[in-house]
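S.K.: Let the sequences and hints guide you as you build the complete structure.
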Amino acid sequence: MFELQNIRTQIEKCTLCQIHSSKNKTVPGEGNLTPEIMIIGEAPGKNEDLQGKPFVGAAGKILDQLLSSIKLSRDQVFITNMIKCRPPNNRDPLDQEIDNCANFLNEQIHFLKPKMIVTLGRYSFSKFLPDRLISHDRGKLFKWKNVFIYPVYHPAAALRNSSIKIKLEEDFLGIIKSLKKIKSNPNTKQKNKYKENEQLSSL
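Residue numbers (this note's numbering): 55 to 257.
Everything labelled a hint here was simulated from the structure, so no lab data went into it. All C-beta atoms in this analysis are idealised placements derived from N, C-alpha and C, irrespective of residue type, glycine included. One should not assume that every hint holds.
[Said to hold, decoys possible] With a straight-line cut-off of 30 Å between C-alpha atoms, the simulated DSBU-like cross-links for lysine-lysine are:
{"#": "1", "residue 1": "LYS197", "residue 2": "LYS235"}
{"#": "2", "residue 1": "LYS199", "residue 2": "LYS237"}
{"#": "3", "residue 1": "LYS237", "residue 2": "LYS167"}
{"#": "4", "residue 1": "LYS167", "residue 2": "LYS115"}
{"#": "5", "residue 1": "LYS107", "residue 2": "LYS79"}
{"#": "6", "residue 1": "LYS169", "residue 2": "LYS197"}
{"#": "7", "residue 1": "LYS167", "residue 2": "LYS231"}
{"#": "8", "residue 1": "LYS169", "residue 2": "LYS235"}
{"#": "9", "residue 1": "LYS194", "residue 2": "LYS169"}
[To be verified] Computed beta-carbon distance windows for the label pairs:
{"#": "10", "residue 1": "ARG145", "residue 2": "ASN239", "range": "36 to 44 Å"}
{"#": "11", "residue 1": "ASP118", "residue 2": "SER216", "range": "15 to 23 Å"}
{"#": "12", "residue 1": "SER127", "residue 2": "LYS199", "range": "24 to 32 Å"}
{"#": "13", "residue 1": "LYS67", "residue 2": "LYS237", "range": "31 to 39 Å"}
{"#": "14", "residue 1": "SER127", "residue 2": "THR69", "range": "32 to 40 Å"}
{"#": "15", "residue 1": "SER238", "residue 2": "GLN130", "range": "15 to 23 Å"}
{"#": "16", "residue 1": "SER76", "residue 2": "SER216", "range": "31 to 39 Å"}
{"#": "17", "residue 1": "ASP118", "residue 2": "ASN160", "range": "23 to 31 Å"}
{"#": "18", "residue 1": "ASN101", "residue 2": "SER217", "range": "24 to 32 Å"}
{"#": "19", "residue 1": "GLN119", "residue 2": "THR88", "range": "23 to 31 Å"}
M.R.: Put into structure tokens, the structure is as follows:
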């Protein structure tokens with residue numbers, strides 16, 4: 055717990071990006087401290103910025119529904135974002151902002167040691183597998199070193215597109231199946247496994 059609190063303190067004190075001056079609160083992440091599943095989104099939105107908690111807006115309600123559909127709750131997983139401060143006007147995160155927050159995210163992953171990371175949206179997926187497309191690889195399980203990656207669309211996309219929500223619901227059902235596969239065989243590999251010599255950025 056102390057180490058995770060130390061990471062939170064580092065995030066709160068960070069001034070590497072200009073967006074630190076426009077934020078209300080940092081959003082380090084929250085949840086189970088020994089999670090089997092870690093969920094990584096893209097960036098905080100307006101509600102998250104006000105409350106300092108991840109996924110508390112409309113997209114968060116969809117995430118809660120998706121978790122409930124597979125009999126999971128927030129206190130059973132750990133939820134965070136690629137970057138820990140809200141970009142102005144909810145714009146996409148910049149590469150430099152993602153790079154500046156990378157160490158915080160990597161430290162969280164190292165401390166929490168989840169069996170599976172569920173990435174929400176293309177930005178979080180591309181951190182781990184930059185040459186892959188979420189439209190092609192969503193709902194598939196990948197392994198790199200000791201980290202299993204399971205990409206799905208971002209819940210915010212489901213607010214604009216009902217077909218995306220259907221795909222999200224399908225892919226979330228695959229989370230439990232994939233987790234069981236990992237636990238029964240830690241050496242589980244996706245058929246199109248990412249090449250071992252292509253590194254997970256900064257992890």
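S.K.: Kindly indicate which numbered hints from before are broken by the structure, ordering the numbers from low to high.
M.R.: Every hint satisfied by this model.
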